[in-house]
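Chemist: Just so you know, the protein sequences line up as chains A and B, in that order.
Numbering-wise (my numbering), the first sequence opens with residue 1 and increments by one.
Numbering-wise (my numbering), the second sequence opens with residue 250 and increments by one.
Derived from the structure by calculation, the hints contain no laboratory data.
Heads up, some of the hints might be wrong.
Claimed, not checked - Below, computed lysine-lysine pairings styled on DSS-like, alpha-carbon distance capped at 27 Å:
#1 A:Lys148 <-> B:Lys527
#2 A:Lys113 <-> A:Lys2
#3 A:Lys148 <-> B:Lys373
#4 A:Lys109 <-> A:Lys148
#5 B:Lys373 <-> B:Lys296
#6 A:Lys148 <-> A:Lys184
#7 A:Lys113 <-> A:Lys140
#8 A:Lys184 <-> B:Lys532
#9 A:Lys184 <-> A:Lys140
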Amino acid sequence: MKVRTLIVEDSRLARMEMRRLLDGHPDVEVVGEAGNADEAEILIPESQPDLLLLDIQLPGRNGFELLESLDSVPLVIFTTAYSEFAVQAFEQNALDYLVKPVEADRLAKALQKASNLIGQQESRETISEEGAITGRSLLKVTDRVFVKDGEHCWFVPLSEVRLLEVEGNYTRLFFGSHQPLIPKTLNYLESRLDPQVFFRASRQHLVNLNWVKDVESWFSGSLRLTLRSGQQVEVSRRQAQRFRDLMSF
Amino acid sequence: MVQWRNNNAATPSPDDSRRDPNHWFFQTTFWLCWLGIGLFFTLVYGKLTTKDFIAMLVLGIGFLLLSELMGRYMTRRSWDTFRSQAPRTLAMSVIASLALQVMVDPVLVIGFHIGKWSEVFSTKAILGSTMHGTLVLWCWGSIYSGITLRRRYQRSEMARLQLEAAVQAAELRALKSQVNPHFLFNCLNNLRSLVAEDPERAREMMLRLSELLRYALEVSRHERVALEQELSVVEAYLELESLQFEDRLHWQFNVTPEASRAQLPPMVVQQLVENAIKHGISKRPHGGEILVRGSVNDGALLIDVENSGQLPASPGSGFGLENARQRLRLLSGELARLTLSNRDSDHVAATASIPLS
Numbered sequence: 001m002k003v004r005t006l007i008v009e010d011s012r013l014a015r016m017e018m019r020r021l022l023d024g025h026p027d028v029e030v031v032g033e034a035g036n037a038d039e040a041e042i043l044i045p046e047s048q049p050d051l052l053l054l055d056i057q058l059p060g061r062n063g064f065e066l067l068e069s070l071d072s073v074p075l076v077i078f079t080t081a082y083s084e085f086a087v088q089a090f091e092q093n094a095l096d097y098l099v100k101p102v103e104a105d106r107l108a109k110a111l112q113k114a115s116n117l118i119g120q121q122e123s124r125e126t127i128s129e130e131g132a133i134t135g136r137s138l139l140k141v142t143d144r145v146f147v148k149d150g151e152h153c154w155f156v157p158l159s160e161v162r163l164l165e166v167e168g169n170y171t172r173l174f175f176g177s178h179q180p181l182i183p184k185t186l187n188y189l190e191s192r193l194d195p196q197v198f199f200r201a202s203r204q205h206l207v208n209l210n211w212v213k214d215v216e217s218w219f220s221g222s223l224r225l226t227l228r229s230g231q232q233v234e235v236s237r238r239q240a241q242r243f244r245d246l247m248s249f
Numbered sequence: 250m251v252q253w254r255n256n257n258a259a260t261p262s263p264d265d266s267r268r269d270p271n272h273w274f275f276q277t278t279f280w281l282c283w284l285g286i287g288l289f290f291t292l293v294y295g296k297l298t299t300k301d302f303i304a305m306l307v308l309g310i311g312f313l314l315l316s317e318l319m320g321r322y323m324t325r326r327s328w329d330t331f332r333s334q335a336p337r338t339l340a341m342s343v344i345a346s347l348a349l350q351v352m353v354d355p356v357l358v359i360g361f362h363i364g365k366w367s368e369v370f371s372t373k374a375i376l377g378s379t380m381h382g383t384l385v386l387w388c389w390g391s392i393y394s395g396i397t398l399r400r401r402y403q404r405s406e407m408a409r410l411q412l413e414a415a416v417q418a419a420e421l422r423a424l425k426s427q428v429n430p431h432f433l434f435n436c437l438n439n440l441r442s443l444v445a446e447d448p449e450r451a452r453e454m455m456l457r458l459s460e461l462l463r464y465a466l467e468v469s470r471h472e473r474v475a476l477e478q479e480l481s482v483v484e485a486y487l488e489l490e491s492l493q494f495e496d497r498l499h500w501q502f503n504v505t506p507e508a509s510r511a512q513l514p515p516m517v518v519q520q521l522v523e524n525a526i527k528h529g530i531s532k533r534p535h536g537g538e539i540l541v542r543g544s545v546n547d548g549a550l551l552i553d554v555e556n557s558g559q560l561p562a563s564p565g566s567g568f569g570l571e572n573a574r575q576r577l578r579l580l581s582g583e584l585a586r587l588t589l590s591n592r593d594s595d596h597v598a599a600t601a602s603i604p605l606s
């Protein structure tokens with residue numbers, strides 16, 4: 001199983017250098033190259049890479065902005081010429097980051113991490129495959145989204161997102177102890193998420209059904225859900241019927 | 250709050266007058282030694298009576314109090330050198346020993362019924378007590394000032410070393426800011442790739458990099474260079490940046506012969522061009538061009554660096570314009586000017602005016 005890799009890097013010579021380094025890794029297949037965020041944004045959905053080798057400094061939008069614009073992100077190894085604060089903040093969260101010029105050993109380690117993770121993910125996906133009626137373009141719960149809130153960044157698997165809340169044209173994501181905003185509307189996200197997992201409870205909320213712990217009748221035909229985190233979400237009267245159907249009450 | 254202020258007011262605490270942490274150790278040791286020696290001689294040459302012992306104890310307390318006063322006075326006055334201090338310490342000791350008698354004798358005569366007024370005020374007794382007191386206090390004062398001077402010397406030595414370190418750190422920072430690490434590491438990475446692709450050109454580019462680094466590291470900020478020389482380094486820099494940007498970077502120099510001979514502080518044009526790339530060209534997916542103009546006008550050298558791009562609508566602090574301005578003033582004097590503005594809808598220009606001395 002080859003790791004499908006896309007190189008995003010503005011310098012042609014740097015891309016060539018990366019290709020040369022990757023030549024020594026037969027388990028890596030370079031599926032494309034992009035010189036800036038716009039090119040990458042087109043190439044990523046087309047070539048569906050498992051892994052991005054992403055330079056943070058890009059002309060126009062930078063590497064972080066590229067990731068924010070993607071619905072779901074592949075695994076990411078950041079590359080940078082000079083490790084700055086931005087990268088330090090990431091270290092705990094990103095798969096890995098490499099400083100240029102890249103040392104072969106460091107690259108090998110980072111690739112090893114990536115292929116381990118990809119292996120894990122695939123086994124998980126085959127288990128959850130039966131019964132899942134995921135549409136071609138719908139996001140799976142194993143997909144990850146990239147979230148940036150000030151100096152903090154996260155790669156969050158959708159399975160860990162328990163609730164999404166309208167905040168103007170933005171959406172607030174609830175996961176772990178965090179609740180950052182992402183620059184996408186709730187309606188758009190609803191259209192991209194698996195309706196079997198993410199249920200539109202009301203105009204305000206999209207709930208991850210796997211996180212629901214308790215359901216109780218609320219006034220005038222509505223329902224109140226209690227999530228495993230203790231958070232409570234109301235299901236509007238209109239949606240309550242759909243919820244009952246879905247849960248086959 | 251109030252208490253803190255009161256405490257602070259009670260102790261005169263400019264750094265210098267702060268007491269030695271071992272002060273009381275010294276005081277105790279010194280005066281116990283004095284007492285010990287006194288007791289020893291009394292025992293050897295006669296019989297120690299309770300009265301003698303009390304007299305010595307009272308005298309000792311008197312010495313302690315007076316020496317304490319002397320110490321405070323000496324510290325407050327911050328007497329300079331050991332040599333100028335010795336006679337003054339002697340004079341002070343004479344006065345202090347007289348004061349000691351005025352303090353201690355009434356206590357002994359009235360309080361403890363030791364001795365008689367007529368004995369105490371005999372010329373012989375006064376002379377003897379003064380000589381003894383002066384000798385002891387002078388000895389105390391000399392040791393005390395020795396300790397104080399040594400401490401002060403150590404402290405000033407420490408301050409000197411700290412200052413030296415601060416200066417070195419500042420110089421290092423200046424040096425670092427001259428070589429942009431982002432540029433340097435990208436450049437090395439591109440060179441590494443070029444070695445495989447076009448070894449001859451890679452060899453050439455390594456020369457350009459050494460030229461740039463040598464200039465940035467060796468030229469001192471007090472020196473002046475001809476614009477011509479600076480521009481040849483800028484050219485080397487742009488060629489190296491071309492490894493990164495390739496056909497996304499174009500440049501042109503337009504300098505009058507008079508201007509190319511004009512002298513200016515090193516790295517001034519280089520920094521302007523570097524900023525034009527950092528904030529202009531590198532932000533644009535399709536790159537752009539850089540135009541460098543040089544002319545002499547009204548006894549000032551005018552450098553104009555224009556690049557594709559636009560200033561952001563709200564001028565943020567990110568451009569470090571104020572930094573660049575300060576740096577230019579530092580290097581070229583208070584009359585130097587630096588402005589940054591949109592030249593047209595697609596170009597930004599940085600203009601520096603450097604007075605020619």
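Chemist: Are the hints correct? Go through all of them and say.
Modeler: Outcome of the hint check:
Our distance criterion of 27 Å between C-alpha atoms is met by A:Lys148 and B:Lys527, whose separation comes to about 24 Å. Simply put, A:Lys113 and A:Lys2 have alpha-carbon atoms about 14 Å apart, close enough for the 27 Å limit, and the pair holds. A hinted pair counts as satisfied when its Cα atoms are at most 27 Å apart, and A:Lys148 with B:Lys373 does not qualify at roughly 93 Å. At most 27 Å may separate the alpha-carbon atoms for a hinted pair to count; A:Lys109 and A:Lys148 meet this at roughly 26 Å.
Simply put, B:Lys373 and B:Lys296 have alpha-carbon atoms about 22 Å apart, close enough for the 27 Å limit, and the pair holds. For the hint linking A:Lys148 to A:Lys184, the alpha-carbon distance of about 13 Å falls within 27 Å, and the restraint holds. For the given pair, A:Lys113 sits about 22 Å from A:Lys140 by alpha-carbon distance, which is consistent with the 27 Å threshold. For the hint linking A:Lys184 to B:Lys532, the alpha-carbon distance of about 25 Å falls within 27 Å, and the restraint holds.
For the given pair, A:Lys184 sits about 18 Å from A:Lys140 by alpha-carbon distance, which is consistent with the 27 Å threshold.
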